[in-house]
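Just so you know, the sequences run in chain order A and B.
All residue numbers in the first sequence are consecutive under our numbering, ending with 356.
All residue numbers in the second sequence are consecutive under our numbering, ending with 603.
Treat the hints as calculated values from the structure; they're not laboratory data.
Note that beta-carbon positions come from the ideal geometry of N, C-alpha and C, so glycine has one too.
Among the hints, a few may not be true.
Said to hold, decoys possible - Here are some, though not all, of the chain A residues that point toward chain B, as calculated from beta-carbon distances under 8 Å:
#1 A18
#2 G19
#3 P21
#4 Q23
#5 P26
#6 G31
#7 F39
#8 M90
#9 I104
#10 P138
Unchecked claim - Okay, the calculated bits of chain B under chain A, using three or more residues with CB under 8 Å as the criterion:
#11 206 to 220
#12 262 to 273
#13 288 to 296
#14 359 to 371
#15 415 to 424
#16 504 to 515
Stated by the list, open to error - Some residues of chain B that are not near chain A, with every Cβ distance over 10 Å (derived):
#17 V176
#18 G200
#19 V278
#20 A303
#21 R304
#22 S309
#23 A333
#24 A356
#25 R399
#26 D437
#27 H443
#28 Q444
#29 A522
What follows is the residue order along each chain.
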Amino acid sequence: MTVIRGGGPVVMAWSAVSPFGIGADPFGSGVRAGVPAQAGPGAGGGLVRSVPGFDARALLGRKGTRSMDRVTALAVTAVGRLLGPDAWRPPAPGGPVALVLGTTMGSARSTMDFTRDSITGDRPHLVDPARFPNTVMNCAAGLSAIRYGLKGPNATVAGGRAAGLLALNYARRLQRGGRAHTVLCGGAEEYSAARGWLRRHALGPDGDGAPAGEGCAVLHLEPSHAPEAGEHGLAEVAALEFGVAAGPGEVRSVLAACLRRALASGPFAPSDVWAAATGGTAEAGDPERAAVADVLGRTPPVRISCADLVGDTSAAAATLQIAAVLATARRTPAAVGRTALVTSADRDGTVGCALLRLLPGAVRGWGVSSK
Amino acid sequence: MVSDGAGTPPGEADRRVVLTGFGVVSSLGSGVAEFTAGLRAGRSGARPITVFDTEGFAHAVGCEVADFTAERWIKDLPVESLGPATRFAVSAARMAVEDAGLDPAVLRRQHGMICVGTTDGESHDLDGLVATEVAHGPEAMDPVVAGRIGAARLSVAIARELGLSDVEAVTIPTACAAGNYAIGYGYDAVRSGEVDFALCGGADAMCRKTFAGFYRLGTIAPDLCRPFDADRAGILTGEGAGVLVLESLRSALARGARIYAEVLGYGLNCDAYHQVAPDQGSVARAMGLALQDAGIAPHQVDLISAHGTGTRANDVTETRAIRDVFGDDPPRTVAVKSMLGHTMGAAGALSAIACALAITHRFIPPTINHRRTDPECAIDCVPNEAVDADLRVVQNNGLAFGGNNAVVLLGRYDPPGPGTHNPAGPGAYDLTGPGTYDLPGPGATVRARPPSPASEHPS
């Protein structure tokens, strides 16, 4: 549980690397078009929507990419775009900017490859030392900080599909406690054969029918008291609420309780809710969508189901959902002043929601090229 | 009852946060009593590694958890549905709640946080899945094991075992500083009144992957871990879990709880320098941030529980950073990793518990296996034998891969009365101490408390 009593973080900009492509523009276009990204065959018989043409070396250069794994490259790319083409106004280089990144379990591939080298090599310690840091879950956040000189608090938060919302709450508390001002906050997930097999075994042979996905989305957050937040901000994070479901059958009721607390935390009428971005896929029967309807007593005007478009992106999912809300609001002037709900239910039991209040900047943008 | 939180009105002063219960799973034993006895006696948890196949390694000593039965603690969840790190975490949480004298039925009616740090999550399970895959192909992986490897489960399983639904369960995998991150996060949540209680700590289970990695880096000691010793040869990998109960002082007093120590504050920063090598200036800044957050001057710190891994790089860099902050006469600085090994994500939590027990029981746990202090590590590491000491403020350092630094400050809680002292809170002390480290200067954003609702941060 958590109640923001006003003064939540304000999203100034966002970036995305997704199955729709690299950058905010292809993601926004893809979401607005509502046509799922290309799917291909994955490991273990499943389908996957992967980031097309993602090549770390081509995007980031040769320096520092030789041993960089895919999830780290996705994060470094998405964080970098908030300091470049997708930037609102880049934070001062080398300043104490905080970074909070959601994960599921780091890179399953990096971790399992490392063990495999130990098992199959001539000697058990003949592993590649340069790849050892990749096997630790904070690698993507740490390398992003090194690359861009982000010396503020640097945290990695694990929570699967809810990781992006948990990271957002971590960011909020950093700002509230005066531990950080500017925070970059998001979630990253790679697709690999290793993840494909683990997912297949964990979900069972039939799974939930949804293709796997991958990507990374990152938000640039300023505290609500920052002078620019009101004028240029896209949305305020007005409430974040969490619970734990004892099993899949409890997701709907636990999430509904979270949503009720979020709406009760401020002057947020159910009738003001303009959009709901749920985390489940239609194939899964989506208890999240049911919970939203339970609480609002209706279906909100705009329903966004990212997983149907980009696949199960796990730790990237919640931040991509927020990005999808903002991309949709960009073309919806009537959304300003209204609220949007973003919900997550991770298969390991974490349930959560965010209530966003859309600010004038959501429609106006900040004047950068093709947003 | 822990019950003063939800109704805290906005603008009310931030609450003081205290530690009222501990759960420990370690190579020195399980539970507070065994752990305390081990720290005081200076016992070593080192023994030959048995939890993975060590054939082919020239040496394989580690600080394994022996004689531990998860079923003794885990009552509601099927133990096989939990990976080994999660079993440690859930067991330690059960112990901590019991140690605090809390009834889970009461916790179920409150708002809470569960926050567990880790380095490797369930990498021991991943090792096993890889072994299966190598031998029989990926189709043969055990679905039960594949279904229990998400790092989120380290915290979520605690909620499920205790029957808690209205909780934010979050796992923080910030490697070897993760335990301190978790305590700091719980501190912020309790202090602000957002939650009534927080169960915070860290957990890791020893795994082949991490042993092989450190071995390859040449940082695994052949026999014993000797922090700050001229002949130190590296770490011993360890395992276990530590969970701490955090609640407001008011709540603890209202229910008559035993208070081990108060959380005075913490500091976080990132080196943004190197993935595995710590940066002296940045480590010093992390300590400075913690001192500033707690309103403690360097000369008030009575003891430092160092990250103290026993590697050449860590010990020299860390002690130099300590001297940067504390001057030429730093507080006594011990390394409990000499006893516990490097328990990775559990390390910060177990060390914080050791700090609080040291405050409560008025002794300093020793740095064992010590023969000759490295002149480059110029500190008093309290070699080999515990000493009695009256400790008011203790600092707990955590440094990690990725340059993730987290430093926690704990203080003795004395009930109000004549002649007692409690740290006065943020801003109470001049921080221009003897050190040469740089605190963020005027205009730096890190320490600028937000103007609104800043009334919640009185000086």
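To see whether the hints hold, each was checked on the structure:
Evaluation of the A18(A) hint against chain B yields a violated restraint, the C-beta minimum of about 32 Å exceeding 8 Å. A hinted interface residue such as G19(A) counts as satisfied when its beta carbon comes closer than 8 Å to some beta carbon of chain B; here the least separation is about 30 Å, so the hint is violated. For P21(A), the shortest C-beta to C-beta distance to chain B is roughly 25 Å, which exceeds 8 Å, and the interface hint is violated. For Q23(A), the interface hint is violated, since its Cβ never comes within 8 Å of a Cβ in chain B; the closest pair sits about 24 Å apart.
At its closest, the beta carbon of P26(A) sits 15 Å from a beta carbon of chain B; the interface hint therefore is violated under the 8 Å criterion. Taking 8 Å as the C-beta contact cut-off toward chain B, the hint placing G31(A) at the interface is violated, the least distance being around 12 Å. Violation of the interface hint for F39(A) is found here, the shortest Cβ-Cβ separation to chain B being roughly 22 Å, above the 8 Å cut-off. Annotation: interface hint on M90(A) holds; nearest CB of chain B at approximately 5 Å, less than 8 Å.
The interface hint given for I104(A) is met, as the beta carbon of that residue sits about 5 Å from the closest beta carbon of chain B, less than 8 Å. The criterion of a C-beta within 8 Å of any C-beta in chain B is met by P138(A), whose closest approach is roughly 4 Å, and the hint holds. Against chain A, the segment 206 to 220 of chain B contributes 0 residues with a C-beta closer than 8 Å to a partner C-beta. That does not satisfy the three-residue criterion, and the hint is violated. With 9 residues having a beta carbon nearer than 8 Å to a beta carbon of chain A, the segment 262 to 273 of chain B meets the requirement of three or more and the stated coverage holds.
With a threshold of 8 Å between beta carbons, the proposed coverage of the segment 288 to 296 of chain B by chain A holds, since 6 of its residues qualify and at least three are required. Counting residues of the segment 359 to 371 of chain B whose beta-carbon sits less than 8 Å from any beta-carbon of chain A gives 3, enough to reach three: the coverage restraint holds. Coverage of the segment 415 to 424 of chain B by chain A holds [criterion: at least 3 residues with CB-CB distance below 8 Å; count 6]. With 0 residues having a beta carbon nearer than 8 Å to a beta carbon of chain A, the segment 504 to 515 of chain B misses the requirement of three or more and the stated coverage is violated.
With a minimum CB-CB distance of about 26 Å to chain A, V176(B) clears the 10 Å threshold, and the non-interface call stands. With a least CB separation of 4 Å from chain A, G200(B) falls inside the 10 Å interface cut-off, contrary to its annotation. For V278(B), the shortest C-beta to C-beta distance to chain A comes to about 5 Å, within the 10 Å cut-off, and the non-interface label is violated. Not every Cβ of chain A is farther than 10 Å from the Cβ of A303(B); the closest lies at roughly 4 Å, contradicting the non-interface assignment.
For R304(B), the condition that its CB be more than 10 Å from all CB atoms of chain A is violated, with the nearest at approximately 6 Å. For S309(B), the shortest C-beta to C-beta distance to chain A comes to about 5 Å, within the 10 Å cut-off, and the non-interface label is violated. For A333(B), the non-interface assignment is contradicted: its Cβ lies about 7 Å from the closest Cβ of chain A, within the 10 Å cut-off. Its beta-carbon lying about 4 Å from the closest one in chain A, A356(B) breaks the requirement of being farther than 10 Å from that chain.
Even its closest Cβ contact with chain A, about 21 Å, leaves R399(B) beyond 10 Å, as expected for a residue assigned away from the interface. A beta-carbon of chain A comes within 10 Å of the beta-carbon of D437(B); the shortest separation is about 8 Å. Taking the minimum C-beta to C-beta distance to chain A, about 24 Å, the non-interface status of H443(B) holds against the 10 Å cut. Chain A leaves Q444(B) outside its interface by the beta-carbon criterion, the shortest separation being 21 Å against a cut-off of 10 Å.
Annotated as non-interface, A522(B) keeps its C-beta farther than 10 Å from every C-beta of chain A; the closest such distance is 27 Å.
Violation of the numbered hints given earlier is confined to hints 1, 2, 3, 4, 5, 6, 7, 11, 16, 18, 19, 20, 21, 22, 23, 24 and 26; the remaining hints are satisfied by the structure.
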